[in-house]
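A.B. asks: The listed protein sequences derive, respectively, from chains L, D, V and Y. Numbering of the first sequence is given in this note's numbering, commencing with residue 1 and proceeding in unit increments. Numbering of the second sequence is given in this note's numbering, commencing with residue 1 and proceeding in unit increments. Numbering of the third sequence is given in this note's numbering, commencing with residue 1 and proceeding in unit increments. Numbering of the fourth sequence is given in this note's numbering, commencing with residue 1 and proceeding in unit increments.
Because the hints were derived from the structure by calculation, they are not lab data. There may be inaccurate statements among the hints.
[Unchecked claim] Capping the alpha-carbon separation at 16 Å, the derived lysine to aspartate or glutamate pairs in EDC-like fashion look like this:
{"hint": "1", "chain 1": "D", "residue 1": "136", "chain 2": "Y", "residue 2": "126"}
{"hint": "2", "chain 1": "V", "residue 1": "136", "chain 2": "L", "residue 2": "126"}
{"hint": "3", "chain 1": "V", "residue 1": "99", "chain 2": "L", "residue 2": "104"}
{"hint": "4", "chain 1": "Y", "residue 1": "136", "chain 2": "D", "residue 2": "126"}
{"hint": "5", "chain 1": "Y", "residue 1": "191", "chain 2": "Y", "residue 2": "173"}
[As the list claims (entries may be wrong)] Partner residues are not named here, just some residues of chain V that face chain L (Cβ under 10 Å, in silico):
{"hint": "6", "residue": "102"}
{"hint": "7", "residue": "110"}
{"hint": "8", "residue": "136"}
[Claimed, not checked] For the chain L half of the interface with chain D, some residues (derived, Cβ under 7 Å), not all of them:
{"hint": "9", "residue": "19"}
{"hint": "10", "residue": "49"}
{"hint": "11", "residue": "65"}
{"hint": "12", "residue": "79"}
{"hint": "13", "residue": "85"}
{"hint": "14", "residue": "97"}
{"hint": "15", "residue": "98"}
{"hint": "16", "residue": "153"}
{"hint": "17", "residue": "155"}
{"hint": "18", "residue": "156"}
Even glycine gets a Cβ: it sits at the ideal position worked out from N, Cα and C.
Protein chains: 4
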Amino acid sequence: MILNSPMIALNMKAYRESSGENGLRLAKICEEVFEESGVCMVICPQQTDLSLICREVNMPCFSQHVDPIDAGSQTGWVSAGAIKDSGADGSLINHSEHKIRISEINILIDKLRSFGLCSLVCTNNEAVSKAVAELKPDAIAIEPPLLIGSGISVSTAEPEIISNTVDAVRRIDKGIKVLCGAGISNGKDVKSSIELGADGVLLASGIVKAKDPKEVLLDLISGI
Amino acid sequence: MILNSPMIALNMKAYRESSGENGLRLAKICEEVFEESGVCMVICPQQTDLSLICREVNMPCFSQHVDPIDAGSQTGWVSAGAIKDSGADGSLINHSEHKIRISEINILIDKLRSFGLCSLVCTNNEAVSKAVAELKPDAIAIEPPLLIGSGISVSTAEPEIISNTVDAVRRIDKGIKVLCGAGISNGKDVKSSIELGADGVLLASGIVKAKDPKEVLLDLISGI
Amino acid sequence: MILNSPMIALNMKAYRESSGENGLRLAKICEEVFEESGVCMVICPQQTDLSLICREVNMPCFSQHVDPIDAGSQTGWVSAGAIKDSGADGSLINHSEHKIRISEINILIDKLRSFGLCSLVCTNNEAVSKAVAELKPDAIAIEPPLLIGSGISVSTAEPEIISNTVDAVRRIDKGIKVLCGAGISNGKDVKSSIELGADGVLLASGIVKAKDPKEVLLDLISGI
Amino acid sequence: MILNSPMIALNMKAYRESSGENGLRLAKICEEVFEESGVCMVICPQQTDLSLICREVNMPCFSQHVDPIDAGSQTGWVSAGAIKDSGADGSLINHSEHKIRISEINILIDKLRSFGLCSLVCTNNEAVSKAVAELKPDAIAIEPPLLIGSGISVSTAEPEIISNTVDAVRRIDKGIKVLCGAGISNGKDVKSSIELGADGVLLASGIVKAKDPKEVLLDLISGI
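All chains, full assembly: derive it from the sequences and hints.
C.D. replies: Printed below as a string of C-alpha cells:
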C-alpha cells in the first residue's frame, strides 16, 4: 500500500507556482526529498499535469480530485480510469475546495479501489470524519475550517479535534489512515500531529509558495 | 491565430481509448495527419493528459474545459492559467457534457484571451449561438441535440440549423468561427458543413473509437 | 416528537397533480386519513405550496428540501428559517432527486434541530445509511435504486438491504428512525417493511398519481 | 402584459423579515401601495410562500427562481408548472445569487412563456445583457456587481452601464423591458434610472429590511 504511517501528503493546488513547468520542478524537488529521506510521501499535482508528472517523477502521485463519472462520452471531467491511465496511485476526494455529494464519495471510493487506486477523503470535523469512515476509504484528512490558511498551529488550537477524530475513526475501522490537514507549518507541527495520533499530514501552500520548498520539506520531515 | 477556416477539431472526451498512453498515441496520429495534410486541426486531450500531450505533440491543443476559478488556493479545478502553463492554445467552453453559467462564459472568454488563449464555445441551437456570439468568443461549435451521437448526417437532418446559425453569428460578429459539432462521420459530412457556411467541424467518438483513427481522419480531411 | 413508529411519510414531489390547488386538495385528503386513522403521518408538499398547506392543513408537514444557506441576502433558495416560518415541522434532506454534499447534510441536520425542526435524510444503500447515521439525523429513509419507481416490492427484492440497514443504523444510534423509501405500493409492502424492522415508509407517486389517493392511503395504513 | 413601464419590482429574498407571516405582511403592504398608487409593481415572495401570497394578495407576483426541470418525479425543485399553479405571473431567472447555465435560461424563458408566465432575467454587465436579449426574455434586470448592496447610487456610479445596456438591448429587441437592479435606494435613484432609459427598478433589502417599508415604497414611487 502506498499510504504508510508516518506520511506527508502535498496538495499542489491550483497555484501558478505549481502548474506546468513550475509544477514539474516542484514535483522533482519532492522526489529528491522522498528518495533521500525514505519518508512516505505523496504529491497531488494539478489535474492538467498529472500524466506528465507521473511519467517524469518516480514517487507516489494522487489526483487532486476525481469526478463522479464513468470513462466514456464525457467532456472535461476526470474519471477514475483516466487517473489510473495517467500512472497515478490514487486521488483526493471531497477537498473543502471541491466538495461532493455523500453518495458520490461512496461510489468513488469503491471505483478507485476497483482500479487499485487509493482514496484520501477530506473532512471538516469529527462527525463528518466518522460518516466518511463508514464508507471505508484508505485515508481521511481532517481540515478544521478554523485552521485552514490561518497560520495557527494545530497543537495550540483544536488539538482535541485531531485526537478525538483519530479515536473515532479507529473505532469504526482501524485500517483507515488519518491525516491532519490544516494548521501545519513546520516539523514541530508534524510532530504534534503524530503525537495526537495522526498518521501524518496533508499540506499545501506552505510548500507550494515557499521560496525554498526543499528546505520547508526537510523541516517538516524532521518532525517525523 | 490558431483557428483558421477550414478546420477540424477533435474532442478526445473521457474514453479509456483516449486517456494516458492511448491518448498520447492518438494525439501523435493526429499530429502526423496535421503535418502531412497541412489542414488546420486542433485536438482536445483529456484534462489529465494536457501537459504531457502539449509537450510531446507539435500541433494545436485545447483543454476540454476550463473552470471559472482564478489560479490559487483551489483544489482539483483547472484555471486558465494552468491551461496556459500546460502549453495549450485554448479551451472548449460549455460543452453539452459540461455546461456552465452564462456569466462564467463571459468571464472565461475574456480570461482566456488575456492569456493569449482561444475560446471555442459549444452551443445547442441558433438562439444560444447568437447569445454566445454577443460574448465575442473566437469560435462557436453548434451541436444540435438531435444529431449528437445519432449517426445521422447534418446534411440530411437539420442542415438549416447550421446555415441559419452561421448567418446569425456572422451578423453579430464576422470574426467568430462557426463549427458544426454533431452529425459528422465522414468527408462528405465535412464537405456539407462547409457548404452550409461553417468554418469546419468538431468531432469526437467517431475518431476516438475508430479501429484506424488515421484512416478516419484522412477521410474527414478529404471533405475539405 | 413528530416522527413516531410506525409511520407513513408522503413525498408529494413536483407533479402537476400535487401543485397549487391539486396539492392543497391532496393534503386535505391526507389530513382526513391522518385524523381518522390516528396513524403517524407526514406530508411533504411542493416548495411553493409549503406555507399555504401548513396553514390550511392540520397535520405534520415537511419541506421536500432545504438549501445549505443562511436566511438573508439569497434569492430563490429555501433556508431552514423559512421552513420554520412556513409552519412546517421538518425537512427531507438529500433525496436521490436532490443530492447534497456530506458537509451540507451535517450542517443542515444541526441547523434544522436548532429551529426545532426534524431531519429525514434519504440514502441509497447500507454504507451511506451508516455514514448518515453518524451525523445524527432524526430519521433515515433508505431508497434502494433498483426499487425506485420499479413497481417491485421490497419484500420480494432486496429485503435484506432494509433489515441490514436497520440493524446497522441501530448499532450507531438507537434513536434514529429508519423508513423504507422504495418498493412500497400497498398495505402488504408496508407490513413487510415493518417486519423487516423499519419504522415506516416514505412514498410518493403511488399516492400522488392515484385516481383515489384516499383509497390507496387507507390500504397502506392497513399494513400497520 | 404584467410588466409595464415604468415599474418597480421587489425581490423579497430569503430574509427572516420576509418569510412566513412576515412575508405575508410585507406583501400586503406592497398590495396597498400598488392599489393606492396605480404604479406597475411586482413582488417576488420566498419560494415557500409563493402559493400563500398569490392567494392572499391581489397584485403581480413572481417566483424568485425556477428550476430547469419538468414537473414530475422531482423532489424539492420548483417547475414552471408549479409557478403557474401557485397563481404567480412569472419568475426571476439567473439572479446573481442563483446563476444558471445559458442553455437553461434559453429553455426556461420558452417554458415560462408556454405557461403564459413572464421572465425577468438578471444580468451583470452589458455583454451578458446583450447575450440574454438574444434569448428574448420579457425583461432584463441589470445588476452591476459594484453597486450590489453598496449603498452607492447608480446615478453617481456607472450611469453609463445602464444607458449603454438599455441601448444595446433595444437594438436587439425593442420589446424587452430593462430594469436597473442595483444602486437604488430612493425616489431620486428611481428617477435617475428612468432618465437613463430604464423601464424601472428591481429592489430588495432596502424595502425588506426597512422599519417602515410603506414609507420607503412611497418614496421610491415618487421618482416615477
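A.B. asks: Which of the stated hints cannot be reconciled with the structure, identified by number in ascending sequence?
C.D. replies: Of the numbered hints given earlier, those the structure breaks are 5, 16, 17 and 18, listed in rising order.
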